[in-house]
Amino acid sequence: MDELLVPFFLETVRCGFPSPAADSREESLDFNTLLFKHKANTYCLRCSGDSMKLKGIFSGDILVVDRSIRAKSGDVIVAETGGAFTVKTLLLKEGKAILHPENPDFADIVIAEEEELVLFGVVTAVVRVIR
Amino acid sequence: MIGLCDCNSFYASCERLFRPDLRRRAVVVLSNNDGCIVALSSEAKSLGIRRGAPLFEERERLEQVGAAIFSSNYTLYQDLSDRVMATLLSLVGNREVYSIDEAFFTLEGPTQSQAEQIRNELIRMTGIPVSIGLARTKTLAKLANHEGKRLPSGVMILTAEQEQGLLQRTRIGDVWGIGRRREEMLQKRGIRTAYDFICKDDRWIEKHCTITGLQTAWELRGKKAVSIEVEKSLSLCSGISFEKPKESFEELEQSLACHCATLSAKLTKRGKQAREVTVALYTSRFQDDYQCPSATVVLSQGSDYTPTLLAAAKACLVAIYKKAPYKASRVWVTTLEQQGLHQYRLFEPELEQKRIGQEERLSPVVQEIQKAYGRRALVCGTAGQMLKADLMGQAFLSPRYTTDWKALPTVR
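Here the protein sequences line up with chains B and X, keeping their order.
All residue numbers for the first sequence refer to the numbering used here, where the first residue is 1 and numbers rise by one.
All residue numbers for the second sequence refer to the numbering used here, where the first residue is 1 and numbers rise by one.
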């Protein structure tokens, strides 16, 4: 003989005054919506060194890097140079790409026209946890 | 048309993404316990190294050319796979994930430039190189993808007119769905290429290759027999090969606890509960008295709760345990049902009701804690401090770049 199966309700009925603000409730702030606009294409990298200090990017900061955005001149970007990642301001001038550090102690890296700039992504946010 | 998007040398490409210094170096990835080579970059392939080769045989050669050797970092691969699959969906609007590095999709009237654009955007947005093959059926899309991998564009659109030529050039063993045994059988009957195969009549094919072989033949002729459908997983498995054989009941129980924790997380993520738990133990296949005892326990209610799964797994272990040097253990959960749909029996024993109530209250709490503090924060007592990864030998493991704040890649 087949077993008889019936659903079992766990919800209880509550009594009392409903909150007058219940209809106005919204989700509380979620940093994911602010920092990860394109979640599948955003990677976090950690900054080391102070070549970008005048831009307010310091050693130990977490860089939020979006690969889906197309870089334009003036963007802070992460690129590959000499087998390592570097974070610099991208300047596009007369067909040349320049990786510009925001620190007078560092020199510009000029990408010659015949070289290919290997871009990792555009930095969209910097996260620093101070405590 | 049906497209297949396949990541090139996926595991090796993942290892490279955060290592610009490896851009042009040979990269190989090893199996669990670092035994065999399971993935190679094109540079490693061109050295003549084969997939499946034991590391010790190739190690000297790899070190000579300065190749980078990695243990499998499944956490990294799965995260990057999820990103590739999500990006493909955003670009194409549909997709069916077929494996960690492959997905099918449909695209109406694709042009070469449109397909190339999808591929290039996917690569730009994820950093993982892919190839795309498009054809009339899934089986043909597989072949087209294989061709596409060899083209500079990385894309091959196989038109109906081109099919015959491609099938004539394709060895029967390279067709999706034709395994090695079937290949041997067909070779013996004089069938060498995919084209030879589809020239046989349906009755012959069904007689020698069953209905699945016939479906493959239809697909090769351009008739859809394998439909694009949503992933339906009917069972989940967690298994491990031990670095050193394990004999004691306690050690085996510990490995089962790790499996159950893994499966519980997988079930919860999919919103599923399991009704059956199966345990199998394996001794070495290379010894004469190879044993693989197994047992199954049916649960009175579907569950995704580690202690419940573990209690069932332990009952299996008690039933099959005999002292022997086991090389591997595995746990399956089957008969998966949707979470929250469970049906209470009219006359549920009181004790059972109490247990289910407990589970329903505790399970979300456990999941919250694990979500907030990591899966190590709260584990079954039996598992001790171990997670599955700890049971594996992983001498060349790369950091979990995308899932661990302490392991982020560095940029100067």
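Any given hint could turn out to be false.
As the list claims (entries may be wrong) - Below are the EDC-like pairs computed for lysine to aspartate or glutamate, each with C-alpha atoms no more than 20 Å apart in a straight line:
id, chain 1, residue 1, chain 2, residue 2
1, B, 37, X, 79
2, X, 266, X, 121
3, B, 72, X, 121
4, B, 39, X, 184
5, B, 37, X, 82
6, B, 39, X, 82
To be verified - To give a feel for the contact side, a few chain B residues facing chain X, derived at Cβ under 10 Å:
id, residue
7, 31
8, 81
9, 124
Note that these hints are calculated values from the structure, not bench results.
This one's a predicted model, so the numbers in the text were calculated from it and none came from an experiment.
We put the CB at the ideal spot given by N, CA and C, even for glycine.
Hints and how they fare:
no. : hint          : result
1   : B/37 - X/79   : holds, 17 Å
2   : X/266 - X/121 : violated, 30 Å
3   : B/72 - X/121  : holds, 17 Å
4   : B/39 - X/184  : violated, 47 Å
5   : B/37 - X/82   : holds, 16 Å
6   : B/39 - X/82   : holds, 11 Å
7   : 31            : violated, 14 Å
8   : 81            : holds, 8 Å
9   : 124           : violated, 14 Å
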